[in-house]
Amino acid sequence: MLIQTTIDDHRIAKLAAFAIALHMVEAVVPSPLPGVKPGIANIVTLYVLLQYDFATAAWVSILRVFASSLLLGQFMSPAFALSLSGAMLSLGTLWVAQHLPKPYFSAITLSILAAFAHIAGQLIVVRIWLIPHASVSYLIPVFAVAALFFGLINGLITARLLYSKTQKLDPDKT
Amino acid sequence: MLSLLRSPKSCFRYLLIGDWLTIIFSAIITIYLFQTLWSHEHASKVQIRIGDKVYAAYDLNQQRDIKVKGPIGDSVIHISHGKVRFAKSPCHNQYCIHQGWLKRSGQVAICLPNQISLELIGKQKPYDSLNY
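Sequence order for the protein chains is W and G. Start counting the first sequence at 1; every next residue gets the next number (this note's numbering). Start counting the second sequence at 1; every next residue gets the next number (this note's numbering).
You may find that some hints are simply not true.
Beta-carbon label-pair distances, calculated as ranges [stated by the list, open to error]:
| # | chain 1 | residue 1 | chain 2 | residue 2 | range |
| --- | --- | --- | --- | --- | --- |
| 1 | G | Gln35 | W | Ala17 | 38 to 46 angstroms |
| 2 | W | His133 | G | Gln35 | 17 to 25 angstroms |
| 3 | W | Ser137 | G | Leu21 | 23 to 31 angstroms |
| 4 | G | Leu21 | W | Met24 | 56 to 64 angstroms |
| 5 | G | Ile121 | W | Ala17 | 51 to 59 angstroms |
| 6 | W | Pro32 | G | His92 | 30 to 38 angstroms |
| 7 | G | Arg13 | W | Trp95 | 27 to 35 angstroms |
No wet-lab data here; the hints were simulated from the structure. C-beta atoms are modelled at their ideal positions from N, C-alpha and C, and glycine is treated no differently.
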């Protein structure tokens, strides 16, 4: 039996592959504190959200979480649970935040909000399941700084990618 | 991405007014989180235990040395205006002295060989792994 695929499916697969590749690159980079990561795969999610629609972005994000955990051998492990909870909460935030007025809020706002939602989702799982102790709250400020910093950087990269897409020329030459 | 690294000034043109608001708002929240979650109450008393018995509790607002007799000898505990430390200990490895000054409520220093421990107590006792 052959599964019929549409052009949309192909696009989702292609974009998810991009996100998975970025996730793999990031998995190699050592991190000073477990959990503090740039989250460069979220650039793809944001780009897809703004270039296409929310459904495509959600597909790409969820596929990325599942496929990356399989590739890294973390499927169904705590790391996978953290990744999934972070992705779900940041998708939920993006679903709300995509309705913000476009002339005032760009990809950078979405990126920062998604980054904060991501750490919130992870910390909820850590607090409830992995380390059920009040001392987890000591880590919150550190994660918040990381979310603000990397959210801003990822947002700037996404804005830049979208800019060169709409301008159809390299802004470096102008 | 490379152009962002090459010319950091040019990346600001992507920021709209709402983005600035988001950044400022997030920064305020982050600072607030630091202040509320990392602010430690200064301790007011030190409780000294020998073995499993409370030996004494002293106010931290003073300058004095306390000599405490443990199973292997005398430990000297030094209190100095809001902070406390082990000053002398008969123990072999001197971990308790290397622990240094204790200032915040909930901090502990333990000398296992001499069975003496210090615990700082504030107005409220915070959670810690020893009591949990």
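Results of checking the hints against the structure:
1. G/Gln35 and W/Ala17 have their C-beta atoms about 43 angstroms apart, which keeps the hinted 38 to 46 angstroms range intact.
2. Checked against the given bound of 17 to 25 angstroms, the beta carbons of W/His133 and G/Gln35, roughly 22 angstroms apart, stay inside it.
3. Under the hint 23 to 31 angstroms, the C-beta atoms of W/Ser137 and G/Leu21, about 27 angstroms apart, fit the expected range.
4. For G/Leu21 and W/Met24, the hinted distance range of 56 to 64 angstroms is not satisfied, since their beta carbons lie about 35 angstroms from each other.
5. A hinted range of 51 to 59 angstroms for the beta carbons of G/Ile121 and W/Ala17 is consistent with their spacing of about 58 angstroms.
6. Separation of W/Pro32 from G/His92 is about 34 angstroms and conforms to the stated range, judged on CB atoms against 30 to 38 angstroms.
7. Range check, G/Arg13 to W/Trp95: Cβ separation about 28 angstroms, and the 27 to 35 angstroms hint holds.
Against the hints set out earlier in the document, a violation occurs for number 4 only.
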